[in-house]
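J.: If you read the sequences in order, they're chains X, B and W.
As numbered in the numbering used here, the first sequence has no gaps in its residue numbers, which increase by one up to the final residue, 481.
As numbered in the numbering used here, the second sequence has no gaps in its residue numbers, which increase by one up to the final residue, 1782.
As numbered in the numbering used here, the third sequence has no gaps in its residue numbers, which increase by one up to the final residue, 599.
Taking lysine-lysine and the PhoX-like style, the derived pairs with C-alpha atoms no more than 20 Å apart in a straight line are: (1) X:K20 / B:K1608; (2) B:K1608 / W:K136; (3) B:K1542 / W:K100; (4) W:K130 / X:K20; (5) X:K229 / X:K155; (6) W:K248 / X:K202; (7) B:K1649 / B:K1505.
If you're looking for bench data, these hints aren't it; they were derived computationally from the structure.
Treat the numbers as computed from the prediction; the structure is a model and nothing was measured.
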Amino acid sequence: MTTFNSRQRKTTSVVGILILLIPIVLLGMPASGRDSGGGGMLAKLRSEHDLGESDLGQIDPTSATMSFVLLGMRGIAVNMLRMDLDDYKDHKEWARMRATTEAVITLQPHYIEVWRFLAWNLAFNVSAEWDAVPDRYYWVKEGGKFSQRGTQRNATIPELTWETGRVWGQKIGMADEWRYFREYFKNDPDTKTFPNGVDPEINPNQIDNYLVAKEWFQKSNDREDNREQHIMMRALFRSQPMRTQLSYADALQRDVRFITADRFRQESSSDEEAEAKAYAARQANFALSRQEWAEGFTEWTTKFGQEEFQTPGGLIRMEADEDVVHELAERQKDQGATEADLRQWIDHYQKTTNYNYWRTRARAEADESTGTSEAHRLIYEGELKLRSGNPEEARQMLVRGMANFARLLEEYPDLRDEDLTVEEAVWGVLLWSKTLELLGESMPATFPLKATWDKYQGLLPELQERYNRGR
Amino acid sequence: MSEAVIQIRNLSKIYRDFWGRKKVQALNSLSLDVNKGEIFGLLGPNGSGKTTTMKLLLGLLFPTDGEISILGKSASDVSKNEQIGYLPEESYLYRFLNAEETLDFYGRLFDISPAERRERTNALIERVGLQHARRRQLKEYSKGMTRRIGLAQALINNPDLVLLDEPTSGLDPLGTRDMKDMILKLRDEGKTVVMCSHLLADVQDVCDRIAILFNGELKELGTVDELLTEQDETQLLTSKLDAETIDELKAVLAKHNADVRSVTHPRNSLEDLFLKTVRTSQERPGQRYVPSAGDGDSAGGSPEPPAADAESN
Amino acid sequence: MTVQPVSFDLLDGLIQWLVVFAGFVATFTVVALATSIPLYGVSGPKRVISGAMRGLTDFVSISPRRVYAIAMLAFKESIRRKALLVFVVFAGLFMFAGWFMEGDAARPELHLTNLVAFVFLAMTWIVLPVVVLLSCWGLPEDIRLRSLHTVVTKPVRRNEIVLGRMLGFSAVGTLIIVLMAAVGYGWILRHVPKDVAMFCRVPVYGSISFLDRNGNPQEQGINVGDIVMTRSFIEGGSKATAIWHFPISHEVDELKIESRFEAFRTWKGNMDRSLRVRFTLVNDEKDLRVPLPAYEVNEFRYNEVLISRHQEITDEQTLKKSEVDLFKDLLVPFDPQNEVHRKLQGDASAGVLTVHAQCLDRGQYIGLSPGDCFLRLTDRSFAVGYIKATVGLWLECLLLVVIAVTASCFVKFPVAFILTSSIGVVGSFAYGFLLEIVSGKQKGGGAAESVYRLITHMNETTPLPENLFTKSIVAFDKPLVEGLGIVRYVIPDLSHYGTSEWLAKGFDVPWNGVLLPAMAVTFAYFLPCLLLGYFSLRLRELEAK
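Sequences are here, hints too, so could you generate the full structure?
T.: See below:
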């Protein structure tokens, strides 16, 4: 028989097991996610060939290995880990919480809701627990990156790309700390780790967070072409990339408040030069914003507006005049579609997606004939002049701004009672009245925007307070 | 032959179940003595109480009633073990140790110094003939080898009293012969040996005295000669006789004057005795051997009548 | 969360132990005497007493050689039963662990925390079950195979068997732990990022007290809505103050205060910076206050404040500058009558230093816990901390071996294993819960009541309806809970053994607060367990099946 004794046989077996383990380790190691191309052979191949969950089925090597190691008790293990996760969160043990998050996802790499929850938890809950803004940003990033990894592991799921877009778009752009976050997104506060200023994993091209978000939402739409999403009404979901473009244009306007001379002081020889540079930068920002509004309008009306959605009343389009309604009804006669039904459904969808508001707003903001962008700029610059003690210059700017604004309201009656527009109009007039006060003049009987001013006197106390508070 | 190494008085053992109910009466009022320097055999069928007696002697079981004095000490006194060697029924040894380690381990338990241990280990391994397998783990041993190492460990302390439980069980004839020789040698060295066995030939060959137990009761006790000799009969052994002569002889015997070559008592084989004892016990339960007052009973008076004792339980 | 200082009084513990131990022995004796009379009649008590005397002689005449032989036997048995195969599991775990222990470039120090935590978690979960299994298995198996017969027919005392087994399995545990700790250490070194400093802080903790926003003394600050209140908060821009008293052992040129506070904003405030905190050194007796420069709360990280021996202060009225000496002017001599001083752990021979902490941002809060602020002495090396943490695990292993061997003396393997692991699990994870149940703080009642509430979907805070059934349920639970109250004293609080927690968080494992109590607990269990094991083995008929 064999010449081996018992011990030799056993030793041979153990050595054999160890040797066999080596290829498992080499093949099965998960991608690190932080540097592409990391991880084991399978992970590399998967990323090379763009294979996600649907292509590989349930054969996720890491997770399968873990399930095997746990003898099929994955559910129990995950349950315990989730309890740990909550516990660590309550005790503010962030390092452990983060590690446990990894452990959970390793065990459940294809549970979409788990990815979504964990990503949201990091970006929204954990980040809020920290005090310093760079710390908060770090955790938002952790959440977003986590979600991004989810999209790689689950290559066809629209929800995860959407979640990623939400973090990079809404969380970065709309949080209380948005002005820091937006800046950090292009220039990471962790300069030690990211000497090039940007975290290449999330924003390799160093562009605006909204543009990155828009790409993710676009990816979601591409995925959604083949696979249903379960987050929200389809039309709303589909509108996200175009809607983000509009948010981007809007954010560019908001940014202006933080483009101050301070920023240019170092590279300038004098205060005046710094002021001039800031002024130019703001001007450029407004100009860019206008362009982006224009782009937004095009996308909103041509891409989103032309897309057809199935409703109980038949296929509809957002961008729909009478001709379109007629044509749609004509086309779907066989299915029993009527113009009245279609009109009703179009109206319903437009309201849900706020289609018309954004359509008007984008067109107005981009409109060069009314000079809307310039109106915003002049009112803002006027305010700066007023506050820096130049009532005369301020008045000139404000008058021009008010004129533009009046033209805007003339041209776009829909905006005459729209909150933001009205508020800015009244604000502009209020600033102008302050310059008059300083210059010792009184308000003339007629002036641009008088109708709005008269109609919305109710806004004054609040705006007056804003004025007194300073910026 | 006077000094008693073991004195057992009225020893009873009842096994009870978990609820304390009587399950088996394993031993019923046993009394016997073992003298110094003899080989004493405990004989009986399976379940007769041989092993129970031995375990009671060693303190592995606690008696329900009665007293034991072993080497002048109580059975529950651990220090008595210093002079005792015990070979269990199936050598209950550690299978993951090898022969040397086994002997060394038990040597340590006797607090023997390292040099002494080494010496005795070597001597014993040689004595039981396991030189070739001294480094092999016991789990690789055959039955015979296990018995040998079992005997060796029982002798590691050079004991005065050796208790052997079924020493030859499972051995082949050659092994049995070796074992018997070793037992006899122990006696020659002046040790007292108590062995129990159901293999009659073994007992007959080596034992000086035997006790026959059945159903927990002592049925016979005495030297092998005493027990196997029929006192009321005479056996003639003659040269070959023809039929006529035999007829004549019968006639002559009636009148006397024949050539009688040998006149002896007929001798039973132990097997005959054993079977007879068992049979009688089955026919007339309750009857048993009661040692007379002169039978080495120095400790107490004569035992209680057996029947009364049996019923009291 | 930070690691919190633990106070432990060895003498106090020893006295308590002696009382409990004596109580157990007394109870045991009384019960034995009482039950011996119906069993053996008048000779019963005599038997008990002679049995106890024999026990005493058995303990006096323990032979080290025999104990060593039994210990070596247990050790060899474990090794030859392939106990070391656990290393295959261990090695496998470490081969794969790297997959899931992804480092984070931005927070490398957290990575070290995770590595340490993982190594100790792995060691704990591999070593302890294996050692408990072996320990529970050994004796019952020895009895079942009757190999113990051969042993007890030698002049071996039963206590030598129990002790030998305990030592033998402890040796196995020790061997496994030493090897695993070495592997784990190498693994940590290999995986830890290059730029992470590995060291162990040596903290001197003080006692903490609070002043509320009006300057009135308080035990605690405010809870700002945390589910688990590890820190209490003080309001900024008010009189709210956290006060520390630190024991100072000897004079040095520079003291280092390290702190790690939490920030809580009630409004956005200035987002460009974190909330600010100021420390003030105070000597109330001399009415001396030395404010230190304010610093920003760098949340969830450690902030160092260096205090040099000589501090310059400016008188508020006269604006005159003067110099104070930290040790001569600011320290208050240790006063044994002073309640605050008496609470201090550590050597206060040079005096007691009082430090006030206040938040400077109006309307915002900072959160502090007793362990959040400490004097940092010279660091120890990571290796020292690692060894100490391993010692903690080792002591836990010893304790479980002691309990397991004892249990295996009177019950069979499965029961012994369940018993020991239950004690281990309850002691490590549910000790607090146990105390809550016993003290009645846990809502929802005992076992029967909980079942009732589960079945009827009744909230645990809802009072039970008044009827005979619920009354009987409560009556049923009462003795159970009270029984648990007694059992509680038998179950060790294994939280003392959480030594790796300190190392993982970058701290030296404190001797007085952690290692000493761990040793004390292990030893406290050793002697009673040895006695219990001895008597149950001696009073047991080994042959009876």
